[in-house]
Amino acid sequence: AFGGAQKNLGPAGLTLVVVREDLLGHALPVCPSAFDYKVVADNQSMFNTPPTWGIYIAGLTFQWLKRQREGGLSGVAAMEARNVAKARLLYNFIDQSQFYVNKVSPNARSRMNIPFFLRDESRNDAFLA
1 AFGGAQKNLG PAGLTLVVVR EDLLGHALPV CPSAFDYKVV ADNQSMFNTP
51 PTWGIYIAGL TFQWLKRQRE GGLSGVAAME ARNVAKARLL YNFIDQSQFY
101 VNKVSPNARS RMNIPFFLRD ESRNDAFLA
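Sequence positions in the sequence shown follow the UniProt record's numbering and run 1 to 129.
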């Protein structure tokens with residue numbers, strides 16, 4: 001798995017890579033060594049200077065996540081429940097609004113990025129000004 005940390009783990013620019021060990025060592029010869037995860041793993045993720053501030057912030061975020069509670073849930077499960085509820089609240093508001101519209105099919109909607117548009121597109125310029 002490969003993912004950016006922004007919005008979930010830490011500051012923008014921090015990247016988390018999780019690789020099964022049996023997949024290491026199969027990089028193509030044209031792959032730069034910084035992206036050859038076998039080289040990175042062999043060097044305990046210290047092949048290049050690590051982004052220490054981003055790692056520190058991610059550590060604080062992980063500690064915070066572990067402390068979260070929602071109903072009988074804790075940690076990541078609690079945050080998922082909380083975010084599902086927040087997204088549902090926003091989507092319900094937008095879907096019932098006469099001013100805003102959501103053009104994303106309900107089965108493809110994100111819990112992280114909730115887009116909306118103005119029903120009257122002639123107001124877009126004023127809205128975005």
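Treat the hints loosely; a few may be bogus.
As the list claims (entries may be wrong) - Simulated crosslink set (DSS-like; lysine-lysine; CA at most 30 Å straight-line): (1) Lys66 - Lys103; (2) Lys86 - Lys66; (3) Lys38 - Lys7; (4) Lys86 - Lys7; (5) Lys38 - Lys103; (6) Lys103 - Lys86.
Treat the hints as calculated values from the structure; they're not laboratory data.
Would you list, in rising numerical order, the hints stated earlier that this structure does not obey? 1, 5
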